[in-house]
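Participant: Based on these hints, arrange chain X on the given structure of chain W.
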Amino acid sequence: MTFYPYVIVVWLFVIGLYGIVSSRNLIHLTICLSIIQSSTYVLLLSIGYQKGAGAPVLLHVPPGTPAVDPVVQALVLTDIVVEVTVTALLLALAIQAHKRFGTLDPDELRVLRG
Amino acid sequence: MRRSARLPVFFVAAGGFAALFLAGLRGLPPFQQYRGPYGYVLNAISVPQRGITDVVSAVNFDFRGFDTLGEEYILFTSVIGVVALLRRLAGETRPAQEQTAPGRPEVETSDATRVFTLTLVGMVTLFGLYIVSHGQISPGGGFQGGTILATSPLMVYLAGDFESFRRIASTRLVEPAEALGAAGYAFIGLAAMALGFAFLYNFIPQVGPGTVISGGTVALIDATVGLEVAAGFVLLLTTFLEEFLSGRGSR
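If you read the protein sequences in the order shown, they are chains W and X. For the first sequence, this note's numbering assigns the number 118 to the initial residue and increments by one for each residue that follows. For the second sequence, this note's numbering assigns the number 3 to the initial residue and increments by one for each residue that follows.
Hints listed in this document are in silico derivations from the structure and should not be mistaken for laboratory results. Watch out, some of these pointers could steer you wrong.
Unchecked claim - A short list of chain X residues far from chain W (calculated; beta carbon distances all over 10 Å):
(1) Phe-68
(2) Arg-106
(3) Pro-107
(4) Ala-114
(5) Thr-115
(6) Phe-145
(7) Leu-156
(8) Phe-199
(9) Leu-238
As the list claims (entries may be wrong) - Derived EDC-like pairs: lysine to aspartate or glutamate, alpha-carbon spacing no greater than 16 Å straight-line:
(10) Lys-216(W) with Glu-94(X)
(11) Lys-216(W) with Asp-69(X)
(12) Lys-216(W) with Glu-245(X)
Beta carbons: idealized from backbone N, C-alpha and C, even for Gly.
For reference, chain X alone in the conformation it holds in the complex:
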């Protein structure tokens, strides 16, 4: 359909859709008047039963842990998808492409960028580890912390070059790490079964709230998810950077 014909059709359809959508949403409880019951139940039992003060982590990695296993595999599968889509085929040649607008010089990385990002590498790594390991106490956990950890090799790339990035985040190291993180979650679930409990049952004795080992298996699952997410994102970065740099020559 031509663009000129497409838009009027869209506006009519979108108007009708918006009216019906809004009418449907108005059937929900009015804003600010949550009716429960699941939120009330979980907020009441999370600390006494599990010693977990961040209830969102308790939901994700304990009460609803099986769903999060699937969520982690969505991430795992899509990383495989991106790597497969952008893989270099046998005999594929990549024509050098103009990476800058015509008439503009290519900008060198400034000293300010180099110094600033290099200073951040250590802090970002430490902050990522902190977020991964404190998910059961305060907002955070494997997904959030893993993403932060993956930015630290990116800082190295910004401060240096792609070769330094490859040295500290070698694919030979990152790929097994991602697989280990993905498998680790399932193994924690299977370990519970080996001990005679249900899959992903929280079988580690509870410690009181507020420590890094509170929450039993939640801390372990956070660590495996953190590994999986960090490694997965580094693989994504490697793939996209390789794709970008292959048309540009070495930097």
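The following block holds chain W by itself, in its conformation from the complex:
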């Protein structure tokens, strides 16, 4: 199963999306968005993985030791930083929504109803 990690990527993305669509609580919704973002971590790390290679930490190893792609790992670091900041902003918005409407249920935010 050489594409098995990609199945997990798709599963995490779709289950997170389901959580967002069916959410009854803005905090739950924010966590579902984090789950979607975690699918991108799995995707990036899977792309860079190489059979038999170690972590790209070349301390105390002989030159030429195979290591996995450090570029995608650096991208995951960026990804995590962005996720944390987005989560902080969304939680601040959830607090404001609760103050304004007295509820965290997205369906009860009357002004936003389409």
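Facilitator: Same frame as chain W, but now just chain X:
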């Protein structure tokens, strides 16, 4: 759209989306068979050219340093966003809210929590500084270490009260620290230009791998990022804690 109508529409759309997404991903190289070339190149040149043994740090703060400058400003901007969203408006009154479920007493902080978290403050601070300063040698760096450093005032809050938290992490101290950390990264880049190199060029002479001053500018950038991230997270904590406690009365 009503919830009952929304879900069937979602399931149809999600099924189609998942099938297409998976088909698209199957066009990638099979798992475990990385083809390169960038990973191979960077793993080969990071130690001989830069003396950096944690190649992820070499990518983040040297080879791709300009991108990470933008990443740091994403963090900086969103901290400003949270502080602006939760600021207290003139004349805004905050009704006291019930913070506990009806019929349940408010739980006092236990002695076990106080002793344990107070013991951890020093260790967490030291560990954070270690992670910030060793990013070029082993996994770590400014982002990871900064987050750890920011938890040490949080430990003080858990062990004591919000007043102690404010005393050791005063906003008057933390806000300039965050600005200094954010500006420091850009100044290191500009310093390279002042010396006649490209922006963010690694202009400090290389020392062999495995020391805290290995990697030239990477160690300096790690320090500024660590300051920015630690201060930014402390500001986030202050803002959220103030918001939480304002509806609760003093603790």
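Participant: Does the no-contact call for Phe-145(X) survive, Cβ to all of chain W over 10 Å?
Facilitator: violated (6 Å)
Participant: Please settle this one: Pro-107(X) was flagged as non-interface, so is its CB more than 10 Å from every CB on chain W?
Facilitator: holds (24 Å)
Participant: Hinted pair, alpha-carbon criterion (16 Å max): Lys-216(W), Asp-69(X). Please report holds or violated.
Facilitator: violated (37 Å)
Participant: Is it the case that Leu-238(X) keeps its Cβ farther than 10 Å from each residue Cβ in chain W?
Facilitator: violated (6 Å)
Participant: Holds or violated: is the Cβ of Thr-115(X) farther than 10 Å from all Cβ atoms of chain W?
Facilitator: holds (24 Å)
Participant: With 10 Å as the threshold, tell me whether Ala-114(X) passes as away from chain W on beta-carbon distances.
Facilitator: holds (28 Å)
Participant: Grab the minimum beta-carbon distance between Leu-156(X) and chain W and tell me whether it stays above 10 Å.
Facilitator: Per Cβ check, Leu-156(X) is outside 10 Å of chain W; nearest 14 Å; holds.
Participant: Can we confirm that no CB of chain W comes within 10 Å of the CB of Phe-199(X)?
Facilitator: holds (22 Å)
Participant: Check the non-interface label on Phe-68(X): least C-beta distance to chain W beyond 10 Å or not.
Facilitator: Label holds. Min Cβ-Cβ 12 Å, cutoff 10 Å.
Participant: Would you check the hint for Lys-216(W) and Glu-94(X), treating anything up to 16 Å between C-alpha atoms as holding?
Facilitator: Answer holds: Lys-216(W) to Glu-94(X) is near 11 Å, not above 16 Å.
Participant: A cut-off of 10 Å on Cβ-Cβ distance, and Arg-106(X) was said to be off the interface with chain W. Does that hold?
Facilitator: holds (20 Å)
Participant: Is the straight-line distance between the alpha-carbon of Lys-216(W) and that of Glu-245(X) 16 Å or less?
Facilitator: At roughly 11 Å apart (the allowed maximum being 16 Å), Glu-245(X) and Lys-216(W) satisfy the hint.
In terms of the numbered hints stated before, the structure departs from hints 6, 9 and 11, listed from lowest to highest.
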